[in-house]
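K.L.:
The primary structure of each chain is shown beneath.
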Amino acid sequence: MRIGIVCPYSWDVPGGVQFHIRDLAEHLIRLGHEVSVLAPADDETPLPPFVVSAGRAVPVPYNGSVARLNFGFLSAARVRRWLHEGDFDVIHIHEPATPSLGLLSCWAAQGPIVATFHTSNPRSRAMIAAYPILQPALEKISARIAVSEYARRTLVEHLGGDAVVIPNGVDVGFFASAEPRPEWQGGTIGFIGRIDEPRKGLPVLMRALPGILAERPGTRLLVAGRGDEEEAVAGLPPEMRGNVEFLGMVSDEDKARLLRSVDVYVAPNTGGESFGIILVEAMSAGAPVLASDLDAFAQVLDQGAAGELFANEDADALAAAAVRLLGDPARRAELGERGRRHVRRFDWATVGADILAVYETVTAGAASVAADERTGLRARLGLARD
Amino acid sequence: METDRSPGGSSARASPPCPLHPRVERAPPGGPVLWPGVTTLIWIAVALVLVGVYLSWTAGRLDRLHSRIDAARAALDAQLLRRASVAQELGTAGVLDPAASIVLYQAAHAARQAEEEQREVAESELSQALRAVFTEGPQVEAVREAPGGEESLEELAQAVRRVPMARRFHNDAVRAARAVRRHRVVRWFRLAGHAPFPLAFEMDDEPPVALADRTGH
Numbered sequence: 000m001r002i003g004i005v006c007p008y009s010w011d012v013p014g015g016v017q018f019h020i021r022d023l024a025e026h027l028i029r030l031g032h033e034v035s036v037l038a039p040a041d042d043e044t045p046l047p048p049f050v051v052s053a054g055r056a057v058p059v060p061y062n063g064s065v066a067r068l069n070f071g072f073l074s075a076a077r078v079r080r081w082l083h084e085g086d087f088d089v090i091h092i093h094e095p096a097t098p099s100l101g102l103l104s105c106w107a108a109q110g111p112i113v114a115t116f117h118t119s120n121p122r123s124r125a126m127i128a129a130y131p132i133l134q135p136a137l138e139k140i141s142a143r144i145a146v147s148e149y150a151r152r153t154l155v156e157h158l159g160g161d162a163v164v165i166p167n168g169v170d171v172g173f174f175a176s177a178e179p180r181p182e183w184q185g186g187t188i189g190f191i192g193r194i195d196e197p198r199k200g201l202p203v204l205m206r207a208l209p210g211i212l213a214e215r216p217g218t219r220l221l222v223a224g225r226g227d228e229e230e231a232v233a234g235l236p237p238e239m240r241g242n243v244e245f246l247g248m249v250s251d252e253d254k255a256r257l258l259r260s261v262d263v264y265v266a267p268n269t270g271g272e273s274f275g276i277i278l279v280e281a282m283s284a285g286a287p288v289l290a291s292d293l294d295a296f297a298q299v300l301d302q303g304a305a306g307e308l309f310a311n312e313d314a315d316a317l318a319a320a321a322v323r324l325l326g327d328p329a330r331r332a333e334l335g336e337r338g339r340r341h342v343r344r345f346d347w348a349t350v351g352a353d354i355l356a357v358y359e360t361v362t363a364g365a366a367s368v369a370a371d372e373r374t375g376l377r378a379r380l381g382l383a384r385d
Numbered sequence: 000m001e002t003d004r005s006p007g008g009s010s011a012r013a014s015p016p017c018p019l020h021p022r023v024e025r026a027p028p029g030g031p032v033l034w035p036g037v038t039t040l041i042w043i044a045v046a047l048v049l050v051g052v053y054l055s056w057t058a059g060r061l062d063r064l065h066s067r068i069d070a071a072r073a074a075l076d077a078q079l080l081r082r083a084s085v086a087q088e089l090g091t092a093g094v095l096d097p098a099a100s101i102v103l104y105q106a107a108h109a110a111r112q113a114e115e116e117q118r119e120v121a122e123s124e125l126s127q128a129l130r131a132v133f134t135e136g137p138q139v140e141a142v143r144e145a146p147g148g149e150e151s152l153e154e155l156a157q158a159v160r161r162v163p164m165a166r167r168f169h170n171d172a173v174r175a176a177r178a179v180r181r182h183r184v185v186r187w188f189r190l191a192g193h194a195p196f197p198l199a200f201e202m203d204d205e206p207p208v209a210l211a212d213r214t215g216h
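Chains as they are written, first to last, in numbering that gives the first Met the number 0: chain A, 0 to 385; chain B, 0 to 216.
These aren't lab readings, by the way, just hints derived from the structure by calculation.
Note that the coordinates shown come from a computational prediction; the quantities given were computed from them, not determined experimentally.
C-beta atoms are modelled at their ideal positions from N, C-alpha and C, and glycine is treated no differently.
Keep in mind that the hints are not guaranteed to be accurate.
As the list claims (entries may be wrong) - Every beta carbon over 12 Å from chain B, so not counted as near; a handful from chain A, in silico: (1) E238; (2) D315; (3) R330; (4) D353.
What the hints assert, rightly or not - Derived CB-CB ranges, DEER-like: (5) R323/A x E149/B: 19 to 27 Å; (6) R152/A x W187/B: 49 to 57 Å; (7) F49/A x L40/B: 39 to 47 Å; (8) E115/B x Q134/A: 24 to 32 Å; (9) E336/A x A211/B: 16 to 24 Å; (10) R181/B x E336/A: 52 to 60 Å; (11) A129/A x A46/B: 20 to 28 Å; (12) A304/A x P97/B: 33 to 41 Å.
Just chain A, with the same shape it has in the complex (with noise of 0.2 Å):
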């Protein structure tokens, strides 16, 4: 099968959304299909032979952030190019409705349309005000893949519509096998994410630290992400700062070495995760999770039989159940095997099989994609006159 990914974040940037391409494409790639992803990249940046750069993208402030997006007439003839190059069987766009290069392939595409909403963005004014453009460019699509039960109910909401839940893949298989590292072993509590992002929950985790050394005076904690070190622990108590460890941006390798190494792995997450990519990996490593109770969360962690959960931005929850767990050995372990049984639907197999069985749906009946000519004025005279 011929199949065009297009990906509406720069790719040289770091991001969930990106990962998650370079991986799908990897795994179909690797089952013998002929996939073409079309992101945008600087010139320089070296890209992967199967990406096609859309030129680079602007940094523009878009919904309270600043985004860096590709738009304009440029954008736009690369999109139809790539379409027209591709003859692709099936076209699957990234979050489609990111004023980016997805609703660009969307206006300019026609045929089997795969459409993955990953984030659950609350509605904005700007998505209400650009509905009547979005629409017409969305109702093209003819399969809709959520991530997460969670996204779909936001996308069912805000633009109305059903969609399949297909959870975000991992390589289960890389964190199982990753080599713990002795140093940080031995009553350790890790947390992977942006230091300086209170929306990943690490000032929660600061909070209920405190009580955790009050009740278990050796653990250490494990800080994996960029950030301000030295912001981050001004609220603990001086003689506790060393109990703290920051690691700063750690390799793939290290990330899954420092999973397989801790014996809990906490996400005091406080919103705005539509998924929790990285609780799969913590699983998958056979940690056992403690995590906050997030819609996304609880749907991954299998209402709390894979991992434990605490209620949200309660340090002193936090704090009880991590030690409940520290103090356990037989707890942790159980949770671990639980947790590590639970990611085979995660894994590559299983979701790209599922990703496959969608892109075979659409396609069976249908022709290939093209490019769209009907906005054409010629094509519309003809439409006119009949």
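Chain B: place on chain A using the hints.
P.N.:
Then chain B, alone, in the frame of chain A:
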């Protein structure tokens, strides 16, 4: 007689202005009376062209939605047929106990033969029969151990997973088309032509737990 002269229509027959009439300076003679008429005509023409373009664009949009429904319906039919075929195969293969075989064969046969109006009910009954037969793991294991059972089970598991998918895509297309067709402009200008009003396909497509278990193997 001054007041009922429309600016567009009667410019050619404009009577010479009466010099005694107080409103004379508002109606200059000859050309200037003709010009507003032409401008208005141009504006009307532009508006008509815009409306035409909008209507043709909407008709194209609707046309695309209808062909999307057709493709989705074809895909749904294919998946339903595939499911019924595998179920019928398993029903006649002799790998299940006689009672389960009969139940499965009956339901699969009825689903394949159903008239269009009874289709939803028949397919729902096949879903129920599949759930009844494949409630327990042991039944699945028994089929798996039979020669060729592994492949049949895999096919059935794929089919019961793809039917809800195809149905969701179909009903999503139906919803989108309905939203456009309910639009005033579409109704007034009958842009949908003779295409029948699209109907969703409603059925019970819950897969059997033993086959839908994604953590197995």
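K.L.:
Take the hints in turn and mark each one as holding or not.
P.N.:
Verification of the supplied hints:
Interface exclusion of E238/A from chain B stands, the closest Cβ pair being 45 Å apart, more than 12 Å. Distance to chain B confirms D315/A as a non-interface residue, since its nearest Cβ pair spans about 34 Å, more than 12 Å. For R330/A, the requirement that its beta carbon stay farther than 12 Å from each beta carbon of chain B is met, with the minimum near 21 Å. Look at D353/A: its CB is around 8 Å from the nearest CB on chain B, not clear of 12 Å, so calling it non-interface is violated.
Separated by about 44 Å at the C-beta atoms, R323/A and E149/B break the suggested range of 19 to 27 Å. For R152/A paired with W187/B, a C-beta distance near 35 Å fails the hint of 49 to 57 Å. Under the hint 39 to 47 Å, the C-beta atoms of F49/A and L40/B, about 57 Å apart, miss the expected range. In this structure the hint that E115/B and Q134/A lie 24 to 32 Å apart at CB holds, the actual value being about 31 Å.
A C-beta distance of roughly 22 Å is found between E336/A and A211/B, which places it inside the suggested range of 16 to 24 Å. Distance hint check: the CB atoms of R181/B and E336/A are about 53 Å apart, consistent with the given range 52 to 60 Å. A beta carbon spacing of about 25 Å between A129/A and A46/B agrees with the range 20 to 28 Å that was offered as a hint. Against the hinted window of 33 to 41 Å, the Cβ-Cβ separation of A304/A and P97/B comes to about 38 Å, which satisfies the hint.
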